Amino acid sequence: MVLIYVLFFRIITSNRSHIVKLTPEKRIPFMKTPFQYLLLSSPPAKEAAFREAKDKYGSTFAFHGSAVENWHSIIRQGLIVASGTSKQVNGAAYGKGIYLSPNAGTSFGYSRMYASGEAKKKENRSERFLRGDNNTLFCIALCEVITWPQLKKSGQIWVCPESDYVCTRFFFVYEEATGHENIDTQQKQYNEAILKALK
Numbered sequence: 032m033v034l035i036y037v038l039f040f041r042i043i044t045s046n047r048s049h050i051v052k053l054t055p056e057k058r059i060p061f062m063k064t065p066f067q068y069l070l071l072s073s074p075p076a077k078e079a080a081f082r083e084a085k086d087k088y089g090s091t092f093a094f095h096g097s098a099v100e101n102w103h104s105i106i107r108q109g110l111i112v113a114s115g116t117s118k119q120v121n122g123a124a125y126g127k128g129i130y131l132s133p134n135a136g137t138s139f140g141y142s143r144m145y146a147s148g149e150a151k152k153k154e155n156r157s158e159r160f161l162r163g164d165n166n167t168l169f170c171i172a173l174c175e176v177i178t179w180p181q182l183k184k185s186g187q188i189w190v191c192p193e194s195d196y197v198c199t200r201f202f203f204v205y206e207e208a209t210g211h212e213n214i215d216t217q218q219k220q221y222n223e224a225i226l227k228a229l230k
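The sequence shown begins at 32 in this note's numbering and counts up by one.
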């Protein structure tokens, strides 16, 4: 438990977003964690570009999963298109862009929630520092994404080639593999709960 607060102290005290922990009545129930946070704003320039595009194309919600050591930067700066740069941490089989999914299980995979024993052996030092003896942290975000024509959808994998068209709205932390992988943001009941939490 202490480990989670150390992680959040580091994130919250050094980011440009405004993070609010959701109270029990505001939490998104299907996310199955008490560690739910609302990001009230992205960096100002990104938020302005996003709102302009949203007025033109509309938006929807999708998940983004990443290993715990990446979230300090993501929450401070927002998601970026890292394909083909030194910041790229996964492949780009579906093209260059920010990888998202309407399906939580797909994004949990990128958070290493379901990492195999072999993958865990390859964890670097910073990951071991953030992990307790019997405890691993997993993080996933719920993002709002512009539904413009260039948003490439390949089944459960979506790729947005424009950084300004993806804004992180919620941040979730899990102490163990307790996430619900069958969540699909395109289903009405999930979408309604997300919109309610944003109010």
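Keep in mind the hints are simulated off the structure, nothing from the lab. Just so you know, not all the hints are guaranteed correct.
As the list claims (entries may be wrong) - Heads up, simulated DSBU-like pairs for lysine-lysine below, C-alpha to C-alpha not over 30 Å straight-line: (1) 77 / 184; (2) 63 / 52; (3) 63 / 230; (4) 87 / 230; (5) 227 / 183; (6) 183 / 85; (7) 183 / 127; (8) 77 / 227; (9) 183 / 230; (10) 230 / 184; (11) 127 / 87.
All figures in this text were calculated on a predicted structure; none of them were measured in a lab.
Is residue 183 within 30 Å of residue 230, Cα to Cα? The hint holds at about 29 Å.
Satisfaction of hint between residue 230 and residue 87, Cα-Cα up to 30 Å: holds (22 Å)
Given the hint that residue 230 pairs with residue 184, test it: the Cα-Cα distance must not exceed 30 Å. Status holds; Cα separation ~28 Å.
Going straight from one Cα to the other, do residue 77 and residue 227 come out at no more than 30 Å? Measuring from Cα to Cα gives roughly 23 Å; hence the hint holds.
Pair hint residue 227 and residue 183, alpha-carbon separation not exceeding 30 Å: holds (27 Å)
Checking one constraint from the list: CA of residue 127 to CA of residue 87, max 30 Å. Satisfied? holds (23 Å)
Given the proposed pairing of residue 63 with residue 52, does the C-alpha separation stay at or below 30 Å? holds (15 Å)
Regarding the pair residue 63 and residue 230, is the alpha-carbon distance no greater than 30 Å? holds (20 Å)
For the pair supplied as a hint, residue 77 and residue 184, is the alpha-carbon distance within the 30 Å limit? This hinted pair holds, its Cα atoms lying about 23 Å apart.
Distance restraint between residue 183 and residue 85, which requires alpha-carbon spacing of 30 Å or less: Holds, at about 17 Å.
Restraint check for residue 183 with residue 127, where alpha carbons must lie at most 30 Å apart: With a Cα-Cα distance of about 10 Å, the restraint between residue 183 and residue 127 holds, given a limit of 30 Å.
The structure fails none of the hints (numbered hints given earlier).
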